Structure formats: structure tokens, C-alpha cells
Amino acid sequence: MEDHGSAALRSLLEVLPDTVLETHARLGDATACVDPTRILTVLRHLRDEPGLEFDMLMDLCAVDFLGSEPRFEVVYHLYSLAHKHRVRIKARVPEAAPEIDSAVSLYPGANWMEREVFDLYGVRFTDHPDLRRLLLYEEFEGHPLRKDYAKEKRQPLVGPGN
Amino acid sequence: MAGGRNSLTERVLDTPEDDLERDLHTEHHVLNMGPSHPATHGTVKFLIELDGETIVALDIQVGYLHRGFEKECESGTWYQAIPYTDRLNYNSAILANIGYCMAVEKLLEVDVPERCLWLRVLACELSRVGDHLTRCGAACLELAAMTPFLYGIEARELVWDLQELLCGARVTSNYIRIGGVKHGLPADFAVACRESIAKVRALLDDFEAVVTSNRIFVDRLKGTGMLSKEDCIRYAVTGPLLRAVGEPLDLRKDQPYLVYDEIDFDVPIGEVGDNYDRYLVCMEEVQQSLRIVEQCLDKLEKLGPGPVNSEDPRVRWPAKGRVFNQMEELIQQFKSVTEGPRVPEGEGYLAIESANGELGFYLVSDGSAVPYKVRCRPPSLINLAPMPLMLKGALLADLIPTFDFINMVGGECDR
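Heads up: the sequence lines are chains E and S, in that order. Quick note on our numbering: the first sequence kicks off at 1 and runs consecutively. Quick note on our numbering: the second sequence kicks off at 1 and runs consecutively.
Calculated from the structure, these hints are not laboratory results. There may be inaccurate statements among the hints.
[Said to hold, decoys possible] Quick list of simulated restraints, FRET-style, between CB atoms:
1) E/Glu49 x S/His25: 49 to 55 Å
2) S/His28 x E/Ser105: 24 to 30 Å
3) S/Gly246 x E/Leu27: 32 to 38 Å
4) S/Ser75 x E/Phe140: 16 to 22 Å
5) S/Asp111 x E/Pro70: 33 to 39 Å
6) S/Pro388 x E/Glu141: 25 to 31 Å
7) E/His85 x S/Asp111: 19 to 25 Å
The model shown is predicted, which means the values in this text are computed figures rather than measured ones. Don't be surprised by glycine CBs; every beta carbon is placed ideally from N, CA and C.
All chains, please: the whole structure from these sequences, using the hints.
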């Protein structure tokens with residue numbers, strides 16, 4: 001695997017080579033696909049390693065690749081204030097057990113972003129302090145951003161008859 | 001009163017010393033504020049646990065304006081998502097237009113002409129002025145000061161009139177296209193814009209004269225809603241909130257896009273990061289944005305009229321004259337309208353500095369004419385998350401200005 005000229009990818013490949021499954025830097029975005037069970041190890045390394053110091057978790061979202069396995073991809077976008085560089089970390093979790101460790105202990109800002117992913121995709125974050133739905137209401141059935149959730153689907157609490 | 005002593009004094013004097021020091025039995029009170037409250041401009045619900053007037057805990061419930069932005073985007077063409085981006089942050093719709101279109105252009109690897117870059121910067125900065133004026137004006141209104149609100153909104157109206165001149169709509173602009181903009185500057189725009197800038201500056205002076213050193217305003221803002229620099233970073237807070245603590249992160253300077261590296265402007269920063277610093281940062285950013293707009297007008301005058309769209313056939317719509325007279329152009333027009341570009345398989349993240357902070361778009365394409373994933377990183381939502389931290393131990397009244405300067409916009413926060 002290559003580091004594509006990115007300090008973050010180089011450091012990951014040197015220090016934690018067994019966690020990295022794939023790297024690319026297409027369109028200039030340095031990206032690493034990593035082992036989902038080691039996600040916290042990877043994020044901690046990126047945050048604390050001198051020279052990398054990715055101190056801001058700018059974004060956390062998920063993508064549903066329905067039909068391929070593992071189905072869900074959790075995507076982390078990191079930014080370093082000191083070095084003004086970025087890296088994207090991706091981890092795939094299977095449909096049968098869509099679970100990954102919560103990053104809240106490393107980045108408190110992950111709290112709401114993980115709640116949103118749980119809400120819209122049904123991916124669970126282990127050890128999250130307060131894993132509730134964020135945008136939708138408690139009685140909402142299903143996870144609407146999953147590709148097999150029909151856009152026109154009605155919910156029991158809204159629509160005619162209620 | 002008989003005996004010259006009233007009964008209350010008598011009771012207090014007769015109470016044993018121990019009893020006076022013992023606290024009264026009190027319980028925390030949970031106050032439900034919102035989702036529609038006259039002192040918050042934004043549909044959001046606060047569950048506030050109060051000890052007297054002091055905030056002990058705060059739970060924020062968002063999502064009232066959730067309308068499935070991402071789900072809708074995943075069922076139309078790449079073009080059809082643009083009007084939805086207007087409705088994210090409706091105070092500065094063009095910023096979201098630009099963020100989305102630039103992200104699609106990144107995936108398509110399309111370059112736009114220089115004139116278009118300057119037009120986009122001009123549109124961005126007008127939007128930013130409108131957004132900051134709304135934030136500062138509405139903050140005054142919600143702190144019970146009607147007059148400065150009217151100054152602010154009058155100035156915003158001038159900006160929105162310019163926006164209307166530019167793209168035909170005051171609020172939901174739909175001005176930016178993938179690979180360009182809808183059209184270049186109207187003939188009378190530069191003159192109207194310079195006139196409006198002069199008027200906006202005069203209104204800003206009035207606004208500042210009434211507000212900036214107003215004792216009531218300063219007392220309500222100074223030392224309230226503070227968030228430390230470390231917490232801002234830990235929560236990925238960006239925009240004026242982060243700059244108010246003295247951290248000069250501004251993507252226009254730090255990762256320059258469009259033509260910001262050719263423009264002369266300053267990034268104002270605050271010192272302690274309270275609401276007052278946030279106010280000062282926003283007001284100075286308005287001045288800087290007006291400076292940028294003037295530089296864009298100068299440059300566009302120098303560039304003169306010419307193409308404002310990419311010539312790439314995937315995103316260029318043929319000229320109407322050719323569509324009516326040539327079969328190939330007619331077919332291309334038909335394909336462009338019904339299907340739009342097929343974006344190569346891949347993923348890309350693009351962030352711009354919106355009025356609230358980092359507005360990012362993470363797009364995934366499966367190679368088809370329909371987006372596979374359109375993620376919007378909403379600065380409103382991410383900046384709102386640490387609000388309980390800003391208000392821990394604060395008075396209930398501090399919630400109002402703090403929420404105002406976070407500038408949560410429901411359309412963008414809830415998507």
C-alpha cells in the first residue's frame with residue numbers, strides 16, 4: 001500500500017500497518033480504509049502523534065452500500081489546526097452487526113454526529129454515552145437513509161388516519 | 001403598627017440561629033422552552049433543568065425541520081439537488097449552492113472560467129453580509145431592542161435586493177450551476193452594488209452607535225456563553241465562534257478556494273470567546289466582506305463581459321439559438337435537462353467557509369446521473385452541540401444571546 005505523499009497515511013502504514021486495509025488519494029483526498037475493530041487505535045494515533053495532530057473531527061457520517069458486504073461504511077473526516085491538513089478514515093461494518101466503537105472519548109464532538117448516524121442508518125456506537133435518535137422522533141420506525149427504506153414510506157404517527 | 005415592630009421582623013428576630021442558616025427545601029425545576037418560542041428564531045426545543053434561575057442541565061432537541069435533504073438528493077439528478085441546498089441555510093443560500101456545486105465539480109474534475117470564480121466570491125460575500133446582519137440584528141431583537149434590528153434588516157434588505165438583481169430571487173437564489181453560474185453580472189449591477197455598499201456602511205455605523213457600547217447590550221453579552229478554545233476544538237466548532245476565542249481558522253485563508261488567495265482581507269479574531277466577542281467578530285467580518293465585494297467589482301469590470309460557464313460538454317448547456325437550429329445541440333439540451341452529468345465513480349469532500357463555519361459536502365458517486373450520497377456537514381448543528389457546556393451554571397436569560405450567536409439555522413441544522 002502507498003502513502004500517496006500524505007504524512008497521515010505514511011505514519012499509519014509505518015506504525016499501525018495491520019489496521020490499514022486500503023489507501024487512496026483520489027481527487028487529492030488522502031483516505032485510509034481501516035479495520036473497524038481498531039478504529040479507536042487509529043483515531044488516537046492520528047490525534048496524538050506529533051507531526052499529525054488531527055485535533056478536530058470535522059465530520060462523521062455513514063454510507064450504505066446495499067448489496068455489498070460489509071454493508072455500512074462509517075466515514076471520519078479529520079482536520080489538524082496546527083498543520084492545516086486533512087485525512088479521511090473509513091471503516092466498514094457488516095449488516096448483521098452494524099456496530100463500531102464510539103469516538104466520543106477521543107472527540108466529544110462525535111456525540112451528536114454518531115447519534116445522527118444511528119438515527120438515519122441504524123449503526124450502533126459501542127460505549128456512546130447517550131445513543132438516542134437526533135433528528136427524528138423516538139417512535140419513528142426504521143432508518144430512513146438506508147437504501148432499502150423507500151422514500152415514500154409512511155410512518156405510523158404521521159399521515160392520514162392520525 | 002402596634003408596638004412599632006411589624007410581625008415579620010418579630011418572627012425573624014425570634015427564630016433560633018440554626019434555623020436561619022438551614023436551606024429551604026427546594027427542587028430543581030424543568031422548563032420546557034420551544035419548539036416555537038418568541039425569543040428564539042429557530043425551531044428547537046430546550047429542556048432546561050433550573051435551580052432558581054441557574055441552568056443546571058440542558059438538553060437540546062433538534063430535528064423539527066428535518067425534511068430528508070439527503071434522501072431527496074439521492075433520488076434526483078445532480079442538478080436537482082441545487083435548489084435543496086438553497087434551503088439549508090436560508091440566510092445565505094448562495095454559500096450552500098457554491099459548496100455543493102464545487103464538490104460536484106471536484107468529482108467531475110471540471111474547471112470554471114476566471115470570471116465565474118470572481119462572480120462566486122462576490123455572491124459568497126454578499127450572502128455572508130446578509131447572514132451576519134440577520135444574526136446580529138435578531139440578537140438585538142431577542143434582547144428586546146427593536147431599533148437596531150430594523151437598522152440591521154434594512155441593510156440586509158439592500159443586500160437581498162442586490163441578490164435579486166443578480167439571480168432573480170431574494171432568498172432562495174438557485175444562482176450557481178455545476179461548472180458555472182446562471183449568468184454574468186447584469187449591466188446595472190456594479191453601480192447599484194456600490195451605492196448599496198455605501199448605504200450599508202452608513203447603516204452599520206448607526207447600528208454600532210446604538211449597540212456596540214450600549215450598557216444593557218454589553219451587560220447581557222460580556223462574559224456569557226463562553227466556551228474555551230480547547231472545548232471549541234474538541235467539539236469541532238468553527239466559524240465566528242472559534243475565531244472569537246482567538247483561533248484564526250478561516251478556510252478562505254487556510255485552504256484558499258475560488259480566488260480568495262488573490263484578495264486582500266483580514267480575519268478578525270476575539271480574545272475570550274464570549275457572546276460580545278462573537279458579536280464584534282461578526283460585525284468586523286461584515287466590513288471585510290464589503291471590502292471583498294468591492295475588489296470583486298473592480299476585477300469583474302477589468303475582466304469585462306465573457307463566458308461564465310465551463311465549456312465541458314457534460315455540464316455546459318448549449319446556447320438557445322443553436323438548440324433551435326441544430327439537431328445535435330437539441331439532443332444535448334434534452335440529455336442535459338432530463339439527465340444531467342454522469343459523475344465518475346468516486347468520493348470527494350469539499351469544504352468552504354460559510355457564515356457559520358466549515359460547510360462541507362461529502363459526495364459519493366456510483367458513476368450514474370443520480371448522486372449515491374450527498375452528505376452536508378452542517379456547521380449549525382455541530383456548533384450547537386456544545387451549547388450545554390456554554391451555559392452550565394449560567395442564568396436562564398443568558399441562553400437567549402448565546403443561542404443567537406450560535407446562529408443555529410433550522411434548515412441547515414435539521415436538513
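Original post:
Looking back at the hints listed earlier, which ones does the structure fail to meet?
Top reply: Of the numbered hints given earlier, the structure breaks none, since each of them holds.
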